[in-house]
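Enquirer: Now for the letters of each chain:
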Amino acid sequence: MMADHKIVLEGVAKTFGDNCVLDGINLEIERGESMAIIGQSGSGKSVTLKCILGLVKPDRGSIRIDGQDVVGLRGRDLEKMRAKFGMLFQGSALFDSLPIWRNVTFALTQGKARDATNMRKIAAENLERVGLSSKILDLRPSELSGGMQKRVALARAIAPRPEIIFFDEPTTGLDPIRADVINDLIVSLVEDLGVTALTITHDMASARKIAHRVAMLYQGKIIWRGPRDRLYDSGNPYVDQFVQGRAEGPIR
Amino acid sequence: MSAVIGLFASIGRLLIGALAELGRLAIFAWKAISHSVRPPYYPGRILEQLLLLGWLSLPVVGMTAIFSGAALAQQIYTAGSRFNATSTVPAVVVLGMVRELGPVLVGLMVAGRVSSAMAAEIGTMRVTEQLDALTTLRTDPFRYLIAPRIIAGLIAVPLLVLIANAIGIFGGYFTAVYKLDFNAAGYLNTTRQFLTATDLQMALVKSGFFGFFIALMGCYHGFKAKGGAAGVGRATTDAVVSAFILILLSNMIITLVAFG
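Residue numbers (my numbering), protein chains in the order written: chain A, 3 to 254; chain B, 333 to 592.
Hints listed in this document are in silico derivations from the structure and should not be mistaken for laboratory results. Fair warning: this is a prediction, and the values are worked out from it, not measured in the lab. Keep in mind that the hints are not guaranteed to be accurate.
[Stated by the list, open to error] Some residues of chain A that are not near chain B, with every Cβ distance over 12 angstroms (derived):
id, residue
1, E81
2, A155
3, H214
[As the list claims (entries may be wrong)] Straight-line C-alpha distance at most 25 angstroms; calculated DSS-like pairs for lysine-lysine:
id, chain 1, residue 1, chain 2, residue 2
4, A, K59, A, K223
5, A, K59, B, K556
6, A, K86, A, K59
7, B, K558, B, K363
8, B, K363, A, K82
9, B, K363, A, K114
10, A, K86, A, K123
11, A, K137, A, K123
12, A, K114, A, K82
13, A, K114, A, K137
14, B, K511, A, K59
15, A, K114, A, K86
16, A, K59, B, K558
C-beta atoms are modelled at their ideal positions from N, C-alpha and C, and glycine is treated no differently.
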């Protein structure tokens, strides 16, 4: 039974100054599953992702990936663990000093300018996967629209064929149609590449479309989790208030 | 009574805050150095930084040196004429330029140009999550961003100082020969006599430190920037101001120790 857990968080806690952001998170994500964490801005969704990636060190708790405890990993072990991950950042976080093709292949080259012909080919393949033409290979990120930047960032995240992909607010800042394009892309990538996905979002349409299961984070704890079909019928007043977007309710 | 305790508490908080900042800076500096001396290197990035930091600083450094050297010669002449010691002009120009003015002025000019640019660039990368993206793409920001800047600072600033010294001495020569009627050959001869290897070593040691501080402050403040555009603005200001202070402080210490 344990064998199928790709990611397990147990009692993960993190405090910044006086601000307790995570107060003992428990969460299991199955291999090949797409999980979404919903919650208000500032509820600790991003910190959860950063803890798993080793960008932030939790104060307490354990995080296991493929059964291996990854908290406090260093050097080569940390590198090996990170090689399993791809991440789509909220603002795309493309390197604006580099052309698109070097952005997309960054995980493969580690930023070194080598093997250009081959790398351009790989970049073009990955761009095609996210529905972009190879015409943009030599452009700079600032020359693209927000939606296209997001897709390039997606291509960059999948280029090294990670086992796990994190999506940080993948649809924020996009119009509803572009947002749905990204949702479709995420669904098809998760299926085609067989990756485990973890998305944090407060876009309910997006959560319902891309996730198999949804968990809600409130005041540093997971207060509800369930299949996406139950999201609007959870029986939990906090979840109800959140998914229906009401100002009135238990959440202040 | 409670007012006294409150006073001590706030002094203590300030002190603890300052010490914590110093500790963070020391850890950062240590990581920056250890990544600069160990492979793998990024030769392309180092060259890029040498160009930005060194080559593109040449015009402003050259102008600073020639204007300062020319003014310096006039002031030494004015002061010297009160003691019938105007013949000291070439000697004092060469010492003042090579040991003090050259390194300090170049350090300050380059800090103004480069520490600010580094803090702005790295700070923007921080607030747009590009630094996190680097890490998740398995590239250590210390290796990719910081080590090339530190290495470039250590190479470029001493070279700039050597060039500035030569130009500054020429500025002094210009004033002395064309305005104060010094004999050209005699002026150059005296300059050569008074310019010793120790002076040049001194200039190189100082400028090595300055180059390190310029890159370190730019990177450090950029790295810990937060809070959007305003945060990047603050980081830029802090980088320049702290680089200035460190340059002037370390210059004083080196001068006082070397001649103490």
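Enquirer: So, for every hint listed, does it hold in this structure?
Expert: Hints, one by one, checked against the model:
1. E81: Violated: least Cβ distance 6 angstroms, not greater than 12 angstroms.
2. A155: 8 angstroms, violated
3. H214: 23 angstroms, holds
4. A:K59 <-> A:K223: 17 angstroms, holds
5. A:K59 <-> B:K556: Distance ~17 angstroms between A:K59 and B:K556 Cα, so the pair holds.
6. A:K86 <-> A:K59: Between A:K86 and A:K59 the Cα gap is close to 18 angstroms, so the pair holds against 25 angstroms.
7. B:K558 <-> B:K363: Judged against 25 angstroms, a Cα distance of about 21 angstroms means the pair holds.
8. B:K363 <-> A:K82: 21 angstroms, holds
9. B:K363 <-> A:K114: Distance ~21 angstroms between B:K363 and A:K114 Cα, so the pair holds.
10. A:K86 <-> A:K123: 22 angstroms, holds
11. A:K137 <-> A:K123: With a Cα-Cα distance of about 12 angstroms, the restraint between A:K137 and A:K123 holds, given a limit of 25 angstroms.
12. A:K114 <-> A:K82: Judged against 25 angstroms, a Cα distance of about 19 angstroms means the pair holds.
13. A:K114 <-> A:K137: 22 angstroms, holds
14. B:K511 <-> A:K59: Not satisfied, since the Cα-Cα distance of roughly 67 angstroms exceeds 25 angstroms.
15. A:K114 <-> A:K86: 21 angstroms, holds
16. A:K59 <-> B:K558: Status holds; Cα separation ~19 angstroms.
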